[in-house]
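Protein chains: 2
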Amino acid sequence: MKQYRILIVGFGIIGKGLLKTLEQKQAYIRKRHGVDLRVSGVCEINGCLLPKGDVDLSTVLSKPLAEQEGWRQGLKTLDAIKESTADAVVELTPGNIQTGQPGLNHILAALESGKDVATSNKAPFATNYKRIMDAQEKTGKTVLFEATVGGAVPLLNLYRETLKADSIESIYGILNGTTNFILTKMTDDGVPFDAALNEAKELGIAEPDPTYYIQGIDTAAKVVILANALMGQNITFSDVKVTGIADITYETVSLASKHGYAIKLIGDVGAREVSPRLVPKHHPLNVSGTLNAIQLNTDIARDVTVIGRGAGPRETSSAILSDVITLAGRK
Amino acid sequence: MKQYRILIVGFGIIGKGLLKTLEQKQAYIRKRHGVDLRVSGVCEINGCLLPKGDVDLSTVLSKPLAEQEGWRQGLKTLDAIKESTADAVVELTPGNIQTGQPGLNHILAALESGKDVATSNKAPFATNYKRIMDAQEKTGKTVLFEATVGGAVPLLNLYRETLKADSIESIYGILNGTTNFILTKMTDDGVPFDAALNEAKELGIAEPDPTYYIQGIDTAAKVVILANALMGQNITFSDVKVTGIADITYETVSLASKHGYAIKLIGDVGAREVSPRLVPKHHPLNVSGTLNAIQLNTDIARDVTVIGRGAGPRETSSAILSDVITLAGRK
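In the order they appear, the protein sequences are chains A and B.
Sequential numbering from 277 applies to the first sequence in my numbering.
Sequential numbering from 277 applies to the second sequence in my numbering.
For the record, the hints were derived by calculation from the structure and aren't laboratory data.
The structure presented is a predicted model; accordingly, all values stated were derived computationally and were not measured.
Please note that the accuracy of each hint is not assured.
Identical chains share a label here; the pair holds if one copy fits it or two copies do between them.
[Claimed, not checked] Calculated lysine-lysine pairs in the DSS-like style (CA-CA distance at most 25 angstroms, straight line):
#1 K358 / K557
#2 K534 / K296
#3 K307 / K278
#4 K292 / K534
#5 K477 / K358
#6 K278 / K477
#7 K477 / K352
#8 K358 / K414
#9 K278 / K406
#10 K296 / K328
#11 K352 / K557
#12 K292 / K477
#13 K352 / K307
#14 K278 / K607
#15 K414 / K307
#16 K557 / K534
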């Protein structure tokens, strides 16, 4: 059976979720795809776990990496990427939305050392899309990044693999679950913005500092990626006009509702704009809670809308693993 | 550039729509996929158009096939399939839902003569799924049938290509646009069943004899295909318990609406059942008009819902052409 080995870079909530999910799904992936997917190492900020054989998925999450056989304190991720004999790097670090680092350097180093890349890290693609694509072309390796937009919702692969004759005319939708939760609460429960935000924080849906989401920055990063990956553009974050939801009052939401509309934070990819918009109540994009919903308008299929879970470590693993299996299939 | 040649079998509304769409998209497909997609012939019930070179897409729809250079009156489709040197047969005939014919024989003959198949014909798959899969395995050729379920909505390819690590736990949804139009009319405009049906007929959404749709038979055929193709089952039409929408009264719809629900004809693939069900108004499956909406529930991604156009010659071409391009890519 074909073996495919990955080096995991980033050991936060997404990295741990991926390892846990992979342990559960390893046998399934062998059976469905004929691919034996193995983890050759795990890097985090203080060093890397690089055991002689492969990482034992049944025990790796049971104690700190630094206490495990094969831990190399202080080994830099970039050096581990170069040294590793893995087939692919799975890049899962948190990214700086201004510079794309450290993910950008990890991705470039992986490609330059002959490895494919699968990643959930938005920042490198929102800041340096062309540079990554150029490196991909130069090295002949492949970068897949389905998980950077819409979590478990298939978008990049949906277009690439299922709409092969279609040209995209526009893409827009709800690309952030936190803001959708807040706006849904305001609409359904008739509460003001602050109360809805506090509930989101209490439920762990919004982070302690949710500015990044509320100001629309997270949505804008995804707009940039969709514009570049699916609409042939070459834009960065600064090309997107962004208005967040902090100024949406309960009165506005209530008035819209009375007239048959919901207010949603919409990323409009063709227009390069993120802003609160009125969505008719019967429209496919009018989804509740933390759901993401994205509509692709094309010349043949007309409109295809995909709805699903935009966040969560397990859900995001769906997209990352699907990409890794695709890479393995091309080996 | 790689050439890929198809023989089109069936020259009704779908076949004509495909030829028209292909003419418009041929250059796009060359550019995006590096595939020069050509039509080597077109068969209908009275004979086949098999010109010496390829079919000229710019003129083929301008006059009856029988008046064109290369027309062979009385040539049987099965003989043309065997004789043809095309890479694939695109099967677009109307199918008998009891026997799967004549599409079944066309598909088997194509495989046995070394050709791939792309098709929108539900009947062979709802009646003889295993036989087709066995023939596929025996011949080493490939049958793709995205267009048999949900028209332009990606479902089979969505699961195969974008959810590679996910196991499906359930699939259900609105798989027929005619019944959805009727139920939406009853809900939104407060009209009884017969009035909604008549409007559907006037708009050309329902055929003169819409029994096939209203009794849920069309939905049941799609349930069979999804069960077999995505849930590893081997069932036929008679395994599905079917209740249509003819007994849904305006009073029922109205009562449901008052309590926050819409009534939709739902195909439940895991339960092997087609029946009218209550769908909460905020649920992603509560879509209006002729839209199709299908929810896949999986172990990792949780729920992924896809919404789009379930019918129409141009929309269906999106799925057929995507499959043909996939086949060409594997040549």
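Okay, the hints, checked on the actual structure:
1. Neither within a single protomer nor between protomers do K358 and K557 lie at most 25 angstroms apart by alpha-carbon distance, with minima of 52 angstroms and 53 angstroms respectively.
2. Proximity of K534 to K296 under the C-alpha cut-off of 25 angstroms is found in neither arrangement, the shortest distances being 45 angstroms within a copy and 44 angstroms between copies.
3. For the identical chains of this complex, K307 and K278 are intra-copy neighbours only, at 12 angstroms inside a copy versus 33 angstroms across copies, given an alpha-carbon limit of 25 angstroms.
4. Taking identical chains as interchangeable, the C-alpha atoms of K292 and K534 are never at most 25 angstroms apart, the minima being 44 angstroms within one chain and 45 angstroms between chains.
5. Proximity of K477 and K358 under a CA criterion of 25 angstroms is satisfied in neither setting, with 40 angstroms inside one chain copy and 66 angstroms between copies.
6. In the homo-oligomer, the alpha carbons of K278 and K477 never lie at most 25 angstroms apart, since the shortest distance is 44 angstroms inside one protomer and 55 angstroms across protomers.
7. Neither within a single protomer nor between protomers do K477 and K352 lie at most 25 angstroms apart by alpha-carbon distance, with minima of 34 angstroms and 68 angstroms respectively.
8. For a Cα distance limit of 25 angstroms, the shortest separation of K358 from K414 inside one copy, 17 angstroms, qualifies, whereas the shortest one across copies, 45 angstroms, does not.
9. Taking the shortest Cα distances, K278 and K406 never come within 25 angstroms of each other, neither inside one copy (32 angstroms) nor across copies (28 angstroms).
10. For the identical chains of this complex, K296 and K328 are intra-copy neighbours only, at 21 angstroms inside a copy versus 59 angstroms across copies, given an alpha-carbon limit of 25 angstroms.
11. Neither within a single protomer nor between protomers do K352 and K557 lie at most 25 angstroms apart by alpha-carbon distance, with minima of 51 angstroms and 52 angstroms respectively.
12. Proximity of K292 to K477 under the C-alpha cut-off of 25 angstroms is restricted to the intra-copy arrangement: shortest distance 22 angstroms within a copy versus 55 angstroms between copies.
13. Taking identical chains as interchangeable, the C-alpha atoms of K352 and K307 are never at most 25 angstroms apart, the minima being 36 angstroms within one chain and 42 angstroms between chains.
14. Taking the closest pair of Cα atoms, K278 and K607 come within 25 angstroms of each other both inside a single copy (9 angstroms) and across two copies (22 angstroms).
15. For a Cα distance limit of 25 angstroms, the shortest separation of K414 from K307 across copies, 20 angstroms, qualifies, whereas the shortest one inside one copy, 34 angstroms, does not.
16. For a Cα distance limit of 25 angstroms, the shortest separation of K557 from K534 qualifies both inside one copy, at 10 angstroms, and across copies, at 16 angstroms.
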